[in-house]
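> Chains C and U, in that order, are what the protein sequence lines are.
Counted from 1, the first sequence has number 323 at position 323 by the UniProt record's numbering; the numbering is strictly sequential.
Counted from 1, the second sequence has number 170 at position 170 by the UniProt record's numbering; the numbering is strictly sequential.
Hints listed in this document are in silico derivations from the structure and should not be mistaken for laboratory results.
A quick note: this is a predicted structure, and the numbers were derived from the prediction, not measured.
C-beta: ideal position from N, C-alpha, C; glycine also.
Incorrect hints may appear among the rest.
Stretch by stretch, here's where chain U covers chain C in the computed footprint (C-beta under 8 Å, at least three residues) [what the hints assert, rightly or not]:
id, region
1, 113-127
2, 150-158
3, 251-265
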Amino acid sequence: MATLQSEAPPTTARTPNARIVKRKRSAAQRLRHDWPLLVLALPVIVQLALFFYWPSAWNIIAFMDYSPHRPFWENPFVGFAWFERLFNDPYFVPALLNTLKFAAAHLLFLFPLSVVLALVMHSVVSTKVRSTFQSIVYLPYFFSWVLVVTVFVQVLGADGLVSNWLMSLGGDRLTFTSNPDTFLVLAWMQWAWKDAGWGMIIFLAALASINPSLYEAAAVDGANRWRRMWHITLPGIRPVIILLLILQIGGILSVGFEQYQLQRNAIGYQATEVLDTYVYYRSVIGTEGASFGTAAGLFKGAIGLVLILAANKVAHRLGEQGIYQKS
Amino acid sequence: MTAVDIKPKPRRQSNRPMWDEEPSLVGKSVKALFLIAYAGAILVPLWAIVATSFASEDALSRAGGNLLLIPTDLSLAAYTEIFSGGALTDSLLLTIILTTGGTAFSMVLTVCGAYALSRTGSLLHRPILMLVLFTFLFGPGMYPSFLVVQKLGLFNDYLSLILPVALSAFNLIVLRAFFMNTIPGELLDAARIDGAGEFRILLTIVLPMSKAILAVVALFYAVGYWNIYFSAVLYTPGLETQPIQVVLQRMLMSTQGLPEGASATAQYQDQGEAAPTAALKMAVVVCTVIPIVIMYPFIQKHFTKAVITGAIKG
Numbered sequence: 001m002a003t004l005q006s007e008a009p010p011t012t013a014r015t016p017n018a019r020i021v022k023r024k025r026s027a028a029q030r031l032r033h034d035w036p037l038l039v040l041a042l043p044v045i046v047q048l049a050l051f052f053y054w055p056s057a058w059n060i061i062a063f064m065d066y067s068p069h070r071p072f073w074e075n076p077f078v079g080f081a082w083f084e085r086l087f088n089d090p091y092f093v094p095a096l097l098n099t100l101k102f103a104a105a106h107l108l109f110l111f112p113l114s115v116v117l118a119l120v121m122h123s124v125v126s127t128k129v130r131s132t133f134q135s136i137v138y139l140p141y142f143f144s145w146v147l148v149v150t151v152f153v154q155v156l157g158a159d160g161l162v163s164n165w166l167m168s169l170g171g172d173r174l175t176f177t178s179n180p181d182t183f184l185v186l187a188w189m190q191w192a193w194k195d196a197g198w199g200m201i202i203f204l205a206a207l208a209s210i211n212p213s214l215y216e217a218a219a220v221d222g223a224n225r226w227r228r229m230w231h232i233t234l235p236g237i238r239p240v241i242i243l244l245l246i247l248q249i250g251g252i253l254s255v256g257f258e259q260y261q262l263q264r265n266a267i268g269y270q271a272t273e274v275l276d277t278y279v280y281y282r283s284v285i286g287t288e289g290a291s292f293g294t295a296a297g298l299f300k301g302a303i304g305l306v307l308i309l310a311a312n313k314v315a316h317r318l319g320e321q322g323i324y325q326k327s
Numbered sequence: 001m002t003a004v005d006i007k008p009k010p011r012r013q014s015n016r017p018m019w020d021e022e023p024s025l026v027g028k029s030v031k032a033l034f035l036i037a038y039a040g041a042i043l044v045p046l047w048a049i050v051a052t053s054f055a056s057e058d059a060l061s062r063a064g065g066n067l068l069l070i071p072t073d074l075s076l077a078a079y080t081e082i083f084s085g086g087a088l089t090d091s092l093l094l095t096i097i098l099t100t101g102g103t104a105f106s107m108v109l110t111v112c113g114a115y116a117l118s119r120t121g122s123l124l125h126r127p128i129l130m131l132v133l134f135t136f137l138f139g140p141g142m143y144p145s146f147l148v149v150q151k152l153g154l155f156n157d158y159l160s161l162i163l164p165v166a167l168s169a170f171n172l173i174v175l176r177a178f179f180m181n182t183i184p185g186e187l188l189d190a191a192r193i194d195g196a197g198e199f200r201i202l203l204t205i206v207l208p209m210s211k212a213i214l215a216v217v218a219l220f221y222a223v224g225y226w227n228i229y230f231s232a233v234l235y236t237p238g239l240e241t242q243p244i245q246v247v248l249q250r251m252l253m254s255t256q257g258l259p260e261g262a263s264a265t266a267q268y269q270d271q272g273e274a275a276p277t278a279a280l281k282m283a284v285v286v287c288t289v290i291p292i293v294i295m296y297p298f299i300q301k302h303f304t305k306a307v308i309t310g311a312i313k314g
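So that you can see chain U by itself, here it is in the shape it has in the complex (with noise of 0.2 Å):
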């Protein structure tokens, strides 16, 4: 009992450096207050949504509101609808090609792009940086878009959503700075001697050494992809089955600010469908969700090394 009085007691485990002082009690409620309230207030909505996706209509009814906090009963009604082969499975798969074959043309373009800008002094390569450059200060604008996409007969046709959009110079840049900075010179100098060629240092050399950043970079583009709405409203209003984000934001229009007077279900009537329940609702919400929280760990974990390392340190 008495060895056991006379330990000392083990310093509270603390990375706040030595000569920083404990900051008062108040001073640390009021920041755990805010980052509790900002938290929460990301959180539970996304809880909230997530559990009325699995709430059947009597509980929904029940509660007599959109969403719920608790789940009563659950029902997989609502899932079962999105992947029943109608609209919304047509459009989940349309969502999917877009964003995995838009990626894929993307990281071609952009990878290829990066790399030959990586080699300062060869041929034409001022000019060819500053067409890229060029682009951050100004913008075409969108009637001059849509025309051109017009003209190149790409109107109402799913390429419109990638092909005006394949190219970030932001992520091209990015790409750039990592390849000029981190991958030593002398190791390409070395392969050069030996006789490689640029396709071939590029894909046997410079690929396999940029795996995370590739990855960053692509997801970048994937979550663009996914998220288009702006460009389907634009360029293929005409289609039948639209990008994901067009249908959710059709469901949410059909029971939210229309017109006085108007029938929140006529548009869904017109069509002969019943209006989306908010558990139909907020189903699709978590469909549009899930791939992006499972990309985020990723994307995360490697934004701030690779990212921010090739953009702000240039």
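The following block holds chain C by itself, in its conformation from the complex (with noise of 0.2 Å):
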């Protein structure tokens, strides 16, 4: 994340000298000299070329009518034709529209749901009860999603839990784990048990940095606990309210696929379909080719790129640092 930052100033200092012998090498000598790290790089570059450069340069396809039964050079190009399907697929601008909304829906309810955490957490004085409930809530951050979808249908599915207890008063068994229209309540409450807590414990760390002695000065001239909140503690923490943004705003289209496929069944693959599992149904299990699933990914991953760098350079503008800098 962050750590991208740590580009801009090459640390030098650490081996003075670095400098000025390299300007004197040449690349000959520069290899009899560094050829340990290169080798030590390796398995980094054959592990990045074979599967991430790899199927990146693999996204071609999404511009040929591809086939496996035949040599590579053989598969014409279609321009555009295959996104041009895309967009007149009948299930296509669901998933885009489901995605998008589940999308903003996290990060309209989740995001404020960490701050908001963080902030109450922040605010208890008693380390024991703070280190107790960190624990607690950050916990659920590290169990998978079947896990977590087992969960909940044990708890709040038609014959869990909560529906038991409900008929043991007279009520009715919820139907809240396979009814469609409340998928993004379920969801959001997913997300509020499963991920909430990664969420707070980055602002915790954030709230932490922040210059204890800022707040005393505050109070000293009179600022009560609202203010001290609104013009100490979140400018402190913009730089990574920013940052997650950024992230948050670049990874827009990639909600994930788990949570969706998983619950898809239950729920129905209206409600349930976004990018990533129309990719998998529709093309890769499904009886759309290669071309198509291509040009549906490469379309996710172009408007990821496209946003994160605009989402960056906004961030420039408005004087932060984003998530890099220009170096």
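Dock the two chains into a complex; use the hints.
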């Protein structure tokens, strides 16, 4: 994340001579000197080449009529035909809208919730209470989606804990975990359960980095609790908020796969279809071919790339650091 | 007696700084209620799952549902079934092997890469770093990744659950930041002057000084491998023994959300197996949670220190 910033100032302070010596050397001399580092970097380069850059290059088939049954170069280029087909596909636009809906809901709901959780936790003075609650809230972040969905079905499902309790009081069973109309609410609850702790930890770390003497000075000057929060706390965590916002905006079309795929059978595909599940069901195991699925994925990747660069640019304009700096 | 009376009441011990006013009772109780409700919403379901996994069939059917809060006549039947050497045992073993093997491989990759990239100004340092950083901005997409796994002959091969996800650029960058900011450069320079090569410096100086963060990074990888689900759905759908998350998902699906008219147990009757009982399902859930809960205190202890300082402060 923010580490990308560490690129900006080259840490020459550590090896004061490195720069001076470096300039005098030819490439061959540097190779003789630096080859162990290249050897160490090699596994990473190979891994990225095989599983990041090679698949990235395969995106070219989004512009071809690709068939695995003929040599690669005999596949004709078809321009944007697959993208046209994608936008005319009756299932694509709903999937895209769903994706945007879940991304927006995540941003508008989980983000403030994480900040609120962090602020509440930060205001708890007892370190014992604080660390206990922190551990509890953060724990589900490490659970798999399979587990989270299982827990929700067991607790809120038609045969679940809450249903049984309601039944014993003479009420009805819940249809919560199989109702497409309330799926957004269910997703909210799942995010709050699983992911809020992660956001909270990040914001808590940001809060901890605020100099406490600022609060003291403000309190001495007569600022009450709320004014201290408004004038010290929130400005203090602004860079982190903006950083996370940029990342969220960049990932706006990547809402994940598992949460939606796991609940697809129970809720129905209309409410749960997002871009990733769309590619999987329509193309990977569906009737559409490789070019179609690749086009859908490339659409997502390209929009993500543009959005993250744009959001970063806006952040720079606003005087924030963003995720990387021009170096 | 009088002496006791004269003694001043000891001040209540509090970490609240002098200048901070004591919050109102209402504010305090709202805060307490919020935190207790949040923690309860997380802990109660987990407790119910553990309780149910130890419940006998009778107790469950008397309760008439999926979950119990208070287990009566405890039974270990579910756990004996899991560890009795059947498909579930295989799946757990597979997941353990994947997790340990994958984590070891990922760590070698990440440590070597992070150390190589921590030496700014070395040959090709910037281009290689750019290769890593670009992965934050773009995703190659599901279908091309799937195609490449097929081209490499890894489809329906357990290696496809490790190799494509073996490197987390985020972990690499965090570790690199740690190497650059925390390990004193003078130490490395001294070793270099004494004639130590890069490999030796990495093994004998850098690694021993980074134990805590290495453990955290390893645990992050381990949790990732332990939770593998999507890769298995995509890359190894044809294999008989599946990672535990996939097995758990199948058990869940067997009783939930089937289309109208389909028998809940049809999937299992086809294979001549009984539908999993609630206790068995919950016992599997417990087995998938336990390793995480065991690793968790450690992650938590070092997380803020290691990752946040590495990532946020850069």
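> When the structure is checked against the list of hints, which entries are broken? Sort them ascending.
none
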